[in-house]
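Protein chains in written order, with numbering that gives the first Met the number 0: chain A, 0 to 350; chain B, 0 to 350.
These are computed hints drawn from the structure, not numbers from a lab.
Keep in mind that a hint or two might mislead.
In this list, chains with the same sequence are indistinguishable; a pair is considered to hold if it fits within one copy or across any two.
Straight line, CA to CA, 20 Å or less: simulated SDA-like cross-link-like pairs of lysine to any residue [said to hold, decoys possible]:
#  : residue 1 : residue 2
1  : 310       : 20
2  : 234       : 281
3  : 280       : 97
4  : 310       : 29
5  : 280       : 51
6  : 136       : 164
7  : 310       : 166
8  : 234       : 122
9  : 234       : 9
10 : 69        : 324
11 : 280       : 65
12 : 234       : 98
13 : 310       : 24
14 : 234       : 10
15 : 136       : 298
16 : 276       : 336
17 : 234       : 5
18 : 234       : 97
19 : 69        : 197
20 : 69        : 191
21 : 280       : 74
22 : 69        : 260
23 : 69        : 141
24 : 276       : 5
25 : 69        : 264
26 : 280       : 308
27 : 136       : 304
28 : 234       : 113
Note that the structure is a prediction, hence the values are computed from the model and not measured.
There are 2 protein chains.
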Amino acid sequence: MSLVRSNIGAMHGYTPGEQPGDVSVIKLNTNENPYPPSPAAIEAIRQVTPEQLRRYPQPDARAFRLAAAKVHGVSPDMIIATNGGDELLSIVVRACAGENDTIAWLEPGYSLYPVLAAMQAARPMPVQYELQGNDWKLPNGLAGISAKLLLIVNPNAPSGTLVPVEQLSELAAGFGGLLLVDEAYVDFAPQSALPLLQRHSNVILLRSMSKGYGLAGLRFGYGIAQPGLIAELNKVRDSYPCDAVAIGAATAALQDQPYAQRTWQRVIAEREALTQKLRAKGFSIPSSHSNFILATVPAGRDAAALYQQLKDRNILVRYFALPGLRDKLRITIGTPEQNSALLAAITSLLS
Amino acid sequence: MSLVRSNIGAMHGYTPGEQPGDVSVIKLNTNENPYPPSPAAIEAIRQVTPEQLRRYPQPDARAFRLAAAKVHGVSPDMIIATNGGDELLSIVVRACAGENDTIAWLEPGYSLYPVLAAMQAARPMPVQYELQGNDWKLPNGLAGISAKLLLIVNPNAPSGTLVPVEQLSELAAGFGGLLLVDEAYVDFAPQSALPLLQRHSNVILLRSMSKGYGLAGLRFGYGIAQPGLIAELNKVRDSYPCDAVAIGAATAALQDQPYAQRTWQRVIAEREALTQKLRAKGFSIPSSHSNFILATVPAGRDAAALYQQLKDRNILVRYFALPGLRDKLRITIGTPEQNSALLAAITSLLS
Chain A
0 MSLVRSNIGA MHGYTPGEQP GDVSVIKLNT NENPYPPSPA AIEAIRQVTP
50 EQLRRYPQPD ARAFRLAAAK VHGVSPDMII ATNGGDELLS IVVRACAGEN
100 DTIAWLEPGY SLYPVLAAMQ AARPMPVQYE LQGNDWKLPN GLAGISAKLL
150 LIVNPNAPSG TLVPVEQLSE LAAGFGGLLL VDEAYVDFAP QSALPLLQRH
200 SNVILLRSMS KGYGLAGLRF GYGIAQPGLI AELNKVRDSY PCDAVAIGAA
250 TAALQDQPYA QRTWQRVIAE REALTQKLRA KGFSIPSSHS NFILATVPAG
300 RDAAALYQQL KDRNILVRYF ALPGLRDKLR ITIGTPEQNS ALLAAITSLL
350 S
Chain B
0 MSLVRSNIGA MHGYTPGEQP GDVSVIKLNT NENPYPPSPA AIEAIRQVTP
50 EQLRRYPQPD ARAFRLAAAK VHGVSPDMII ATNGGDELLS IVVRACAGEN
100 DTIAWLEPGY SLYPVLAAMQ AARPMPVQYE LQGNDWKLPN GLAGISAKLL
150 LIVNPNAPSG TLVPVEQLSE LAAGFGGLLL VDEAYVDFAP QSALPLLQRH
200 SNVILLRSMS KGYGLAGLRF GYGIAQPGLI AELNKVRDSY PCDAVAIGAA
250 TAALQDQPYA QRTWQRVIAE REALTQKLRA KGFSIPSSHS NFILATVPAG
300 RDAAALYQQL KDRNILVRYF ALPGLRDKLR ITIGTPEQNS ALLAAITSLL
350 S
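I would like the entire structure built from these sequences, with the hints used as guidance.
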């Protein structure tokens with residue numbers, strides 16, 4: 000008899016992007032912020048006491064929840080803090096969908112979603128974006144699908160495109176299950192679905208400290224939803240999902256909005272510049288509202304080969320050997336110097 | 000329609016022990032180590048760089064796994080690192096038991112186990128310890144139960160008692176599912192079930208950095224098992240369960256075995272002294288191999304009232320309003336000063 004469930008034995012785990020130990024690599028493959036976190040976050044870590052390490056942390060990351068409630072203008076019982084946004088996804092999936100319940104998501108999207116569905120032995124319902132040139136649109140009739148849970152990354156990964164909030168509002172109104180809007184990249188976008196929470200009790204937002212706040216190494220994410228739903232999710236989370244060091248650093252980083260917003264402005268400016276320059280070289284790129292772009296290589300070029308050639312030059316971008324993505328590279332926006340190095344390498348390789 | 004599954008709606012979440020913000024409380028209720036972590040762990044945290052925070056951490060906590068493999072004399076592919084031992088429990092439950100599969104555990108034991116089973120909509124099979132005076136024994140025929148997973152805390156919480164390794168070996172040989180031995184407290188015990196892993200592919204050990212290494216605030220645990228099982232569990236874990244700060248600090252603490260072992264020796268000496276002194280006052284206490292004791296209050300006394308009276312004096316111990324535990328207090332071993340204060344308070348309250 001196998002020791003593990005048949006659905007676990009049959010599935011493949013999620014493959015994270017490469018995390019090279021070598022810090023000289025120009026790393027534009029996993030959507031980290033090119034700028035370090037707020038000095039206040041570093042200082043919070045320096046100030047951690049042995050006594051804080053010795054004792055269990057706040058079970059509910061109270062300090063962070065109070066700070067997040069203030070930043071977003073909601074009540075603290077509308078916030079759940081988790082060990083990275085991925086843990087929130089896992090909690091929501093387990094809370095809402097049992098075996099053979101349907102979990103739907105938009106594709107191409109975050110490739111963790113099908114893994115989470117397989118783990119739960121749920122019925123997977125991938126729904127394709129409607130592509131009109133570089134426009135990534137929600138398909139007609141999406142609200143009418145029958146599913147316990149619908150997952151949408153917005154701005155989307157890997158396309159960087161944004162579904163307008165009004166469309167998400169219509170979707171929430173018509174959809175019979177829980178709508179999770181994964182706003183991991185929203186700090187680089189002009190709008191958030193936050194206003195929907197007042198009108199729709201079947202919406203939960205996912206937020207991450209990994210991108211907008213330069214804290215990918217810390218593992219800190221959170222969810223925002225009506226208190227009743229948050230109370231149910233709290234039953235499913237671990238007793239102490241966030242550690243004392245992470246709570247302190249994430250709280251400090253979130254409270255330093257001026258610092259974070261400066262990094263977002265810089266990333267957005269660089270994103271626009273890089274998009275224009277790559278388009279000028281023949282790449283096709285949807286308008287991104289995120290900290291990365293999805294670039295279709297010029298006609299006659301091979302995206303997988305270009306990925307490898309860049310890697311050989313110590314520049315890592317992301318290539319997905321998946322339907323609809325095989326002619327594309329997902330490129331994280333780096334510092335001006337990193338983006339220049341990338342452009343120079345691409346110019347040389349395509350010449 | 001409810002947004003959450005019926006089993007989630009019907010269940011109650013786990014209730015962690017109180018975590019008072021007030022550091023003047025003598026906190027003997029959640030089994031933390033009374034001594035701070037190794038200075039090497041503190042130093043590792045002080046040395047964390049902004050760049051480590053900005054980038055994603057090692058997905059598999061490689062640095063820690065190499066250190067743990069060396070300490071335990073196993074190969075690194077026999078180690079999985081998790082965000083606290085609780086996350087390992089959640090991973091194992093999800094990997095091994097689907098809806099209506101049976102999960103068994105010994106009772107009274109860790110009260111998180113029934114919560115994890117309810118979360119998974121699994122069939123719960125609590126099995127009672129066979130109590131002979133202060134002896135907590137595995138019941139006859141335990142190996143013959145039909146379950147996907149059997150969870151045993153050893154040394155047990157809340158009793159502190161130890162099932163000999165030979166009995167666990169017999170159990171593993173006869174049992175048809177996965178046997179998880181939760182060794183969260185093993186650092187204070189004379190033996191571990193580690194040798195079983197060579198002979199039994201259906202055994203996994205849980206270890207924690209919270210107790211033996213004074214790092215409850217950091218959330219770091221790990222599992223040890225045959226590589227085939229670890230590979231399956233890796234499919235179910237998050238992409239980056241352990242953060243960069245925690246990996247560094249946990250690795251440093253684990254490598255400083257001399258420091259950790261000194262704290263264990265002190266705790267053990269204090270445990271023996273406190274046990275004798277409380278027994279002399281009429282408490283009945285099984286021999287503990289952990290960093291806490293389970294004390295049955297003297298005849299005619301009320302354990303719940305004593306808990307409250309101690310709390311009124313700023314001393315927190317743990318009281319469980321559960322079958323078999325209502326006449327008992329679980330008391331974490333503190334520093335000599337804390338234990339003296341506890342004894343003085345009890346002497347005064349019982350006089």
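Have a look at residue 276 and residue 336 and pick one of within, between, both or neither, based on CA distance no larger than 20 Å.
-> within (14 Å within a copy, 68 Å between copies)
Pop the pair residue 310 and residue 166 into one bin, within, between, both or neither, using alpha-carbon distances up to 20 Å.
-> neither (39 Å within a copy, 54 Å between copies)
With identical chains treated as interchangeable, where does the CA-CA distance between residue 234 and residue 281 reach 20 Å or less: within a copy, between copies, both, or neither?
-> neither (51 Å within a copy, 39 Å between copies)
Evaluate residue 234 and residue 9 at a C-alpha cut-off of 20 Å and name the case that applies: within, between, both or neither.
-> between (29 Å within a copy, 10 Å between copies)
Which holds for residue 280 with residue 74 at a C-alpha limit of 20 Å: within a copy, between copies, both or neither?
-> Answer is neither: 48 Å inside a copy and 50 Å across each miss the 20 Å cutoff.
If the cutoff is 20 Å on CA atoms, where do residue 234 and residue 98 land: within, between, both or neither? Let me know, please.
-> Both, since 19 Å and 18 Å are each at most 20 Å.
Is it within a copy, between copies, both, or neither that the alpha carbon of residue 136 lies no farther than 20 Å from that of residue 304?
-> neither (29 Å within a copy, 63 Å between copies)
Same-copy or cross-copy closeness of residue 310 to residue 29 [CA-CA at most 20 Å] | Only inside one copy: residue 310 and residue 29 sit 14 Å apart there, 49 Å across copies, limit 20 Å.
From the Cα coordinates, with 20 Å as the cut-off, is the pair residue 69 and residue 264 best called within, between, both, or neither?
-> neither (22 Å within a copy, 46 Å between copies)
Taking 20 Å as the upper bound on the Cα-Cα distance, should residue 310 and residue 20 be classified as within, between, both, or neither?
-> Intra 14 Å, inter 49 Å, cutoff 20 Å: intra-copy only.
From the Cα coordinates, with 20 Å as the cut-off, is the pair residue 69 and residue 197 best called within, between, both, or neither?
-> For residue 69 and residue 197, only the intra-copy Cα distance (16 Å) is at most 20 Å; the inter-copy one is 53 Å.
Which holds for residue 136 with residue 164 at a C-alpha limit of 20 Å: within a copy, between copies, both or neither?
-> within (13 Å within a copy, 60 Å between copies)
Consistency note: the structure conflicts with the earlier hints numbered 2, 3, 5, 7, 10, 11, 15, 21, 23, 24, 25, 27.
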